[in-house]
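Asker: The primary structure of each chain is shown beneath.
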Amino acid sequence: MTLVTADPGAAVAGIADGSTVLIGGFGMAGMPVTLIDALIRQGATDLTVVSNNAGNGDTGLAALLAAGRVRKMICSFPRQSDSWVFDSLYREGRIELELVPQGNLAERMRAAGAGIGAFYSPTGVGTPLAEGKETRTIDGRDHVLEYPIKGDVALIRAHVGDRMGNLVYRKTARNFGPVMATAATTTIAEVHRVVEVGELDPETVVTPCVYVDRILDLSAAEVSA
Amino acid sequence: MTLVTADPGAAVAGIADGSTVLIGGFGMAGMPVTLIDALIRQGATDLTVVSNNAGNGDTGLAALLAAGRVRKMICSFPRQSDSWVFDSLYREGRIELELVPQGNLAERMRAAGAGIGAFYSPTGVGTPLAEGKETRTIDGRDHVLEYPIKGDVALIRAHVGDRMGNLVYRKTARNFGPVMATAATTTIAEVHRVVEVGELDPETVVTPCVYVDRILDLSAAEVSA
Amino acid sequence: MTVSLNPDTNPDVHPDARTVEHTGRGPLDRDELAALVARDIPPGSFVNLGIGQPTTVADHLPAGSGVILHTENGMLGMGPAAHGDEIDPDLTNAGKMPVTELPGASYFHHADSFAMMRGGHLDVCVLGAYQVSERGDLANWHTGAPDAIPAVGGAMDLAIGAKNVFVMMTLFARDGTPKLVPECTYPLTGLACVSRLYTDRAIFHLGPDGVTVAETYGTTVEELASRLDVTLRTLGGREDAG
Amino acid sequence: MTVSLNPDTNPDVHPDARTVEHTGRGPLDRDELAALVARDIPPGSFVNLGIGQPTTVADHLPAGSGVILHTENGMLGMGPAAHGDEIDPDLTNAGKMPVTELPGASYFHHADSFAMMRGGHLDVCVLGAYQVSERGDLANWHTGAPDAIPAVGGAMDLAIGAKNVFVMMTLFARDGTPKLVPECTYPLTGLACVSRLYTDRAIFHLGPDGVTVAETYGTTVEELASRLDVTLRTLGGREDAG
Numbered sequence: 001m002t003l004v005t006a007d008p009g010a011a012v013a014g015i016a017d018g019s020t021v022l023i024g025g026f027g028m029a030g031m032p033v034t035l036i037d038a039l040i041r042q043g044a045t046d047l048t049v050v051s052n053n054a055g056n057g058d059t060g061l062a063a064l065l066a067a068g069r070v071r072k073m074i075c076s077f078p079r080q081s082d083s084w085v086f087d088s089l090y091r092e093g094r095i096e097l098e099l100v101p102q103g104n105l106a107e108r109m110r111a112a113g114a115g116i117g118a119f120y121s122p123t124g125v126g127t128p129l130a131e132g133k134e135t136r137t138i139d140g141r142d143h144v145l146e147y148p149i150k151g152d153v154a155l156i157r158a159h160v161g162d163r164m165g166n167l168v169y170r171k172t173a174r175n176f177g178p179v180m181a182t183a184a185t186t187t188i189a190e191v192h193r194v195v196e197v198g199e200l201d202p203e204t205v206v207t208p209c210v211y212v213d214r215i216l217d218l219s220a221a222e223v224s225a
Numbered sequence: 001m002t003l004v005t006a007d008p009g010a011a012v013a014g015i016a017d018g019s020t021v022l023i024g025g026f027g028m029a030g031m032p033v034t035l036i037d038a039l040i041r042q043g044a045t046d047l048t049v050v051s052n053n054a055g056n057g058d059t060g061l062a063a064l065l066a067a068g069r070v071r072k073m074i075c076s077f078p079r080q081s082d083s084w085v086f087d088s089l090y091r092e093g094r095i096e097l098e099l100v101p102q103g104n105l106a107e108r109m110r111a112a113g114a115g116i117g118a119f120y121s122p123t124g125v126g127t128p129l130a131e132g133k134e135t136r137t138i139d140g141r142d143h144v145l146e147y148p149i150k151g152d153v154a155l156i157r158a159h160v161g162d163r164m165g166n167l168v169y170r171k172t173a174r175n176f177g178p179v180m181a182t183a184a185t186t187t188i189a190e191v192h193r194v195v196e197v198g199e200l201d202p203e204t205v206v207t208p209c210v211y212v213d214r215i216l217d218l219s220a221a222e223v224s225a
Numbered sequence: 001m002t003v004s005l006n007p008d009t010n011p012d013v014h015p016d017a018r019t020v021e022h023t024g025r026g027p028l029d030r031d032e033l034a035a036l037v038a039r040d041i042p043p044g045s046f047v048n049l050g051i052g053q054p055t056t057v058a059d060h061l062p063a064g065s066g067v068i069l070h071t072e073n074g075m076l077g078m079g080p081a082a083h084g085d086e087i088d089p090d091l092t093n094a095g096k097m098p099v100t101e102l103p104g105a106s107y108f109h110h111a112d113s114f115a116m117m118r119g120g121h122l123d124v125c126v127l128g129a130y131q132v133s134e135r136g137d138l139a140n141w142h143t144g145a146p147d148a149i150p151a152v153g154g155a156m157d158l159a160i161g162a163k164n165v166f167v168m169m170t171l172f173a174r175d176g177t178p179k180l181v182p183e184c185t186y187p188l189t190g191l192a193c194v195s196r197l198y199t200d201r202a203i204f205h206l207g208p209d210g211v212t213v214a215e216t217y218g219t220t221v222e223e224l225a226s227r228l229d230v231t232l233r234t235l236g237g238r239e240d241a242g
Numbered sequence: 001m002t003v004s005l006n007p008d009t010n011p012d013v014h015p016d017a018r019t020v021e022h023t024g025r026g027p028l029d030r031d032e033l034a035a036l037v038a039r040d041i042p043p044g045s046f047v048n049l050g051i052g053q054p055t056t057v058a059d060h061l062p063a064g065s066g067v068i069l070h071t072e073n074g075m076l077g078m079g080p081a082a083h084g085d086e087i088d089p090d091l092t093n094a095g096k097m098p099v100t101e102l103p104g105a106s107y108f109h110h111a112d113s114f115a116m117m118r119g120g121h122l123d124v125c126v127l128g129a130y131q132v133s134e135r136g137d138l139a140n141w142h143t144g145a146p147d148a149i150p151a152v153g154g155a156m157d158l159a160i161g162a163k164n165v166f167v168m169m170t171l172f173a174r175d176g177t178p179k180l181v182p183e184c185t186y187p188l189t190g191l192a193c194v195s196r197l198y199t200d201r202a203i204f205h206l207g208p209d210g211v212t213v214a215e216t217y218g219t220t221v222e223e224l225a226s227r228l229d230v231t232l233r234t235l236g237g238r239e240d241a242g
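Protein chains in written order, with full-length UniProt numbering: chain R, 1 to 225; chain L, 1 to 225; chain B, 1 to 242; chain V, 1 to 242.
So here's chain R without its partners, still in its complex pose:
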């Protein structure tokens, strides 16, 4: 059964040191800032974080990085105009970086969620990001063998959830959320609003409840400063 809570601490309880944490969002759109703040207070450290970017400004993922909790980032686009937290950590050699083309990042998480053992991707062939990887020519085209990226935990933001755990998203804030929800052992979603079971149209549910373990109801949450 999905836990629905207004307590950010309860939402992130039990995340262990050394976990691989998938964090949704493309820049700040879809980033689960309240869950990340709760994770900072919760204290888990030595984390591997998988997210498209490596933090923007000083909030959300950037704050988690600044708190020194992240051993390694797996992402496609760390360098941004406002990624100063990651930039310093990286230049000081205080964080590892695995750079993954964005399509491979999404597809590798999808594979983890879908039970695919590995797949041949056309992306990255002949580039430094494919170095050391197995390649195969299929139908005259070269491909690189890519393996799943599985999370212990996914922290995502959706728009509305129902009490069973079904989720819908809003505009381009959908981005990595639905994929990460499938790829983690425990998926935790912060939502702007929780509705009763039956209020979401079954045709429009984007993340079915089977993928969602805990929901943080932001409309009811007591978010500490």
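In silico DMTMM-like links for lysine to aspartate or glutamate, alpha-carbon gap of 25 Å or less: (1) R:Lys133 to L:Asp139; (2) L:Lys150 to R:Asp142; (3) L:Lys133 to R:Asp142; (4) V:Lys179 to V:Glu223; (5) L:Lys72 to B:Asp147; (6) V:Lys179 to V:Glu134; (7) L:Lys133 to R:Asp139; (8) V:Lys163 to R:Asp142; (9) B:Lys179 to B:Glu32; (10) B:Lys163 to L:Asp142; (11) R:Lys150 to L:Asp139; (12) B:Lys163 to L:Asp139; (13) R:Lys133 to L:Glu134; (14) R:Lys133 to V:Glu183.
These are calculated hints, taken from the structure and not from any lab test.
On the provided structure of chain R, position chains L, B and V as indicated by the hints.
Answerer: Chains L, B and V alone, transformed into the frame defined by chain R:
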């Protein structure tokens, strides 16, 4: 630009002999019966048809089979209580059958649409349906290497389409439609109703217009007896 | 989300569990068998029920169990069979029978539906079988008869995808041949995938330790041992429930 | 859906096309360059515009062109930049700038968005570059400088995924070094993937036959040939447009 037509003949024009045709539906739910009837009249033959089942009763896919237009069926579940057309053709040796586990069937078409060269599937390992296929142990689990199934044409049924080609489906009639739409060079959808651009909620579009080449508007179609 | 199997019947979590012999009655009928399967599905589970007999398990799930049914043709939250005006040709189960929708349902396409199965997100699936081997190999899609038209559907995906694979079948074929066997002779569906075997004569747990008899109905472990060509273990002890 | 590139500038379909030298003017400015790229995008195309300069191509697409913009963060039917009250933090482009939604838009998640790109469903993508080789190899994600923080985003997926990859860049670096080169010295983004190269000095077609000059601006084919270390072909003939 997507062609929107009320003429079933125009919808299926140009399908060549020898084509691989993906046909949506799970049983009769989602089966594009009007397009199939038009394809029978259009006359293309020597077809390879990819569909979950091999026809029910005497209409739709069963009628195409009865017309002798199909050289080979690729499907997961040909044998049903009402699959007498396929059953006779098969027993008489007049049709080839490639049996594919349903999950591999769906995933192989997804791979075709998504540009995946091949993937390692956990399904079918150690069974006759994996005979002769490459296998690999990944993370302690055996997998079978599966290749994409690409269509020249997909014939699908959706519920509503807009004039740009965006589609929504209805209940379990959704089934293979969205996957097949991505996997074919030319995708042709019959829809119960066509609406103006802007009438579908962008959050709820299931098949984006980029995948749809032609729409047959059943509400306006003159369907011949 | 992970749910645990019923601890009362799960030797892994209940070391004092004993094999129970119901000798004062006959074999289970189909309805009783379905009820026993339903009993062992933990509340809140995500469950796929195969075509045919497994479908009847739904009728025995208690109200309020919170069990959510998946159907491979693209739905979570499937309700009971549809009747009369409820019948909608766009809403069917994997057996293509008209069904209904429960509050909290969702629809998705076939690749997403099988990703859900194959990715290990369903807690339990219940399947029929021609044969099950003592290692848990499953044969349920093809008799291997030369004139049979083979059809596999989603059986192979369910067999390897669900966290727990429950099989329902009669223990013996009509001619008395055991269907729990050392090695399947019918074409295989999946290797070492069956965790529980529910038959009219007994319920078996299958796993790395081999075949354990959990309960018998109208027979004893000894009698079963004499008719089956597989080694039978019992839980910690045995108890005659009469 | 497949669209064809503008036949007037496509030597494959217009065998009489001639290389045009615009010598009576200077190099193209950034706006003129974006307009030329926009000119060559066929009506009704599905197009992805990369971050930075390529984004400005949208401003030059004629009304009614029917071009549909894809943004990798999960949208088809992206509209122009959002201003004032239109700004919605949940609606951004690949550069994380606020944008708008056009009628007929659709949203999808990241795996579906990249499946669309990688599966070859986009007609054109427009990217910036550090270098392009005469074979069409692209280098646009990393300078290779030891202290640079690498970032690739969706560039590698677009490079191999779109049916036509257009590159916009200056032809020469600030120090005069050519950026159209025999072999890229910067880390590669994709192999043999660029089909059109739009620069301030010339427009090139790239393909199995090598580099063909379609148009020059403020220079001639001869002058370009003297400054570039690649073999330049011309279309069937040459024409000085003054």
